[in-house]
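Protein chains: 2
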Amino acid sequence: MQTIRVATPSARYDVFTGSGLLASLAPRIEKAVGRLPRRVFVLTSPEIWSLWADTFLCSFSESPVALFLAPGEQHKTMASAERLLREMIRAGGDRGSLLIAFGGGIVGDVGGFVASIFMRGIPYVQVPTTFLAQVDSSVGGKVGVNLPEGKNLAGSFHHPRSVFADTGVLGTLTDRELRAGLMESVKAGIIRDRALLRFMEENAEAILDRDPKALERVIAASIRMKADVVSRDERESGLRMILNFGHTVGHALEQVTRYKAMLHGEAVAWGMVAALSLGRRRGTITAGQLDRLESLIYRYGPLPALKLRARKIVAATGSDKKNVGGVRRFVLPLGIGDAGVVEDVTAGELEAAVGYMLAKAKMAS
Amino acid sequence: MQTIRVATPSARYDVFTGSGLLASLAPRIEKAVGRLPRRVFVLTSPEIWSLWADTFLCSFSESPVALFLAPGEQHKTMASAERLLREMIRAGGDRGSLLIAFGGGIVGDVGGFVASIFMRGIPYVQVPTTFLAQVDSSVGGKVGVNLPEGKNLAGSFHHPRSVFADTGVLGTLTDRELRAGLMESVKAGIIRDRALLRFMEENAEAILDRDPKALERVIAASIRMKADVVSRDERESGLRMILNFGHTVGHALEQVTRYKAMLHGEAVAWGMVAALSLGRRRGTITAGQLDRLESLIYRYGPLPALKLRARKIVAATGSDKKNVGGVRRFVLPLGIGDAGVVEDVTAGELEAAVGYMLAKAKMAS
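In order, the protein sequence lines correspond to chains L and X. Position one of the first sequence corresponds to residue 1 (this note's numbering), numbered consecutively onward. Position one of the second sequence corresponds to residue 1 (this note's numbering), numbered consecutively onward.
These aren't lab readings, by the way, just hints derived from the structure by calculation. Bear in mind that the values here come from a model prediction, so they are computed numbers and not experimental data. One thing to keep in mind: the hints can contain errors.
Chain copies aren't distinguished; within one or between two, either way the pair holds.
[Stated by the list, open to error] SDA-like cross-link-like pairs, simulated, lysine to any residue; straight-line CA separation at most 20 Å:
# : residue 1 : residue 2
1 : Lys312    : Ile89
2 : Lys312    : Gly355
3 : Lys312    : Gly92
4 : Lys312    : Arg90
5 : Lys260    : Gln74
Generate the whole structure from the sequences, applying the supplied hints.
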């Protein structure tokens with residue numbers, strides 16, 4: 001087991017990663033929050049619960065009240081949040097209650113958001129069950145729901161009291177989910193961790209074959225990168241923006257396909273290809289570096305086909321949350337293992353980058 | 001004009017109160033937040049806007065985007081919040097936008113809540129237009145909406161950057177609204193400010209006749225009390241709970257009458273009568289003090305009739321947000337100008353207090 005510390009101006013907490021955490025959750029949570037309150041809620045998905053409820057519950061002397069969220073971005077809504085808040089009230093929840101978000105990124109985002117606004121905020125704990133949620137969304141306190149106008153447009157900064165990333169639960173992920181999740185680790189390598197990048201290049205087979213040691217190393221390094229960035233810039237006023245590498249175009253892809261055609265990691269993978277090509281045009285990476293980084297992305301593919309118009313994708317980037325005062329923010333690669341934010345990307349550059357991405361997608365399919 | 005400072009661990013801001021603030025809002029807001037952003041939103045009610053839009057807008061070189069909330073607790077919902085968030089996105093709102101909540105307590109609570117979750121939080125300014133909002137809800141950062149299960153059950157702590165309480169706009173309040181609002185000042189006197197209490201006893205006629213100097217003194221003293229308590233206990237972990245004096249039974253009255261039969265201040269007034277009688281039974285106030293404080297409440301009446309069952313009211317206190325872990329929290333008067341929180345109030349005591357209140361209501365009607 002590894003313990004990674006997050007320390008921001010508003011919160012300090014530990015992320016635990018390793019195998020077997022799930023079966024000893026209750027005492028671990030008690031250690032993090034003090035005595036368990038009278039009402040503990042667990043938000044999960046029906047699928048996760050049918051697989052893991054027994055393991056989850058075995059360490060609790062009193063079972064938490066289970067709340068459910070059906071899978072899919074279409075349920076990551078204000079309406080779902082309101083339904084959950086109401087269920088918590090009716091089940092006797094109060095200001096002292098605790099919520100455990102037990103599931104993938106959507107469960108974590110909705111659970112954290114509900115915890116942030118239930119009676120003006122109660123503590124919560126993240127128990128992420130997907131690769132993506134373990135390495136990315138469960139750490140850093142960004143929680144929220146989608147609006148019809150775009151992703152994560154309503155939300156809060158509300159840090160968990162603890163994160164328990166049990167690598168043992170990843171066994172039930174499909175290959176596609178694992179590959180999509182690994183894209184966030186590829187991102188972590190590209191923007192800030194050359195050692196992780198090299199490890200993922202050299203051990204792709206072991207990682208994709210789910211070798212426990214290889215996977216744990218990737219997960220721990222990815223969490224460490226995220227925790228470090230969040231600790232330095234909690235509110236995304238500067239450095240933290242680099243975590244959005246690949247996400248400007250990635251979010252646009254998800255939006256125009258209505259969050260149905262591809263997994264988040266797959267959309268981000270294509271978004272990274274677009275961002276790399278933009279970096280190449282600007283000269284922030286060399287042709288050799290573009291090749292190397294693009295190859296790494298495809299190594300963790302296959303990526304989904306994109307039957308989309310460039311113009312539609314570019315238009316969808318307009319509502320990106322990173323844009324402030326009409327300025328379009330974009331994260332560019334800077335060589336290998338570094339990235340930076342620019343504000344002067346033109347519509348023309350973005351169209352060219354999206355065009356490059358679509359051409360690559362055409363070649364691949 | 002008076003300036004009252006709020007200083008909590010998470011925010012520092014000024015509350016300005018006086019006449020004529022509305023016509024010079026833009027430069028005052030700029031002073032508080034720095035340069036005005038590209039998109040400024042003003043959330044208001046159709047009534048307020050039709051009365052005050054010209055005065056409000058005269059100091060702005062570019063008009064803010066107006067958003068509307070119809071009056072009434074029935075619109076203080078998650079659905080309203082979502083509609084407003086969506087309108088802001090469609091009108092080009094971004095992370096740098098500013099929201100001005102211009103209206104009564106409901107506009108302030110919903111506006112602050114929307115600001116707290118729009119793209120994970122943008123700054124906002126309170127421009128309260130009712131007596132109640134000026135002396136109470138605009139200060140302290142408590143924002144939120146109702147759920148069908150109870151009032152303010154979803155929300156955040158999100159402080160405004162500034163509060164501008166223009167006493168000049170109070171002229172359009174009805175007498176009933178003014179009297180209901182003054183109940184929060186009566187509360188301020190009872191729980192923490194003997195000088196204010198005495199001033200309200202000795203100058204009731206001038207205050208109710210809207211003598212500007214008398215009103216301003218009451219408003220400034222009430223804000224000062226609230227600002228002081230909030231500065232000492234931002235998150236309501238202790239002292240701040242005394243602000244809920246009269247609110248346990250008051251909220252229950254509002255809930256069982258579905259927020260339709262009485263104004264918030266009227267419900268709190270009856271709630272204070274119940275709390276005073278409970279204090280008398282426990283001996284925390286003398287019979288003489290009960291008489292004196294009750295008389296003051298009635299002086300700022302008339303209070304509405306209560307055709308309700310005691311049991312129903314007591315049952316509705318069960319979902320009070322102050323209750324944690326099954327413990328029923330209750331604010332008791334301690335002599336004149338002081339109050340404290342107890343956790344051992346029994347259902348029997350509560351029934352007796354509610355019975356006392358209902359008997360008084362019967363005598364009055």
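Copy assignment of Lys312 with Arg90, given that the CA separation must stay at most 20 Å: between (44 Å within a copy, 17 Å between copies)
Alpha-carbon proximity between Lys312 and Ile89, which holds within one copy, between copies, both or neither at 20 Å: between (42 Å within a copy, 18 Å between copies)
Homomeric proximity label, Lys312 with Gly355: Cα distance no greater than 20 Å: within (12 Å within a copy, 66 Å between copies)
Intra- versus inter-subunit Cα pairing at 20 Å for Lys260 with Gln74: Classified as within: same-chain Cα gap 9 Å, cross-chain 35 Å, threshold 20 Å.
Status of Gly92 relative to Lys312 across identical chains (alpha carbons, at most 20 Å): Between. Shortest inter-copy distance 18 Å satisfies the 20 Å Cα cut-off; intra-copy 47 Å does not.
Hint compliance for this structure: every hint is met.
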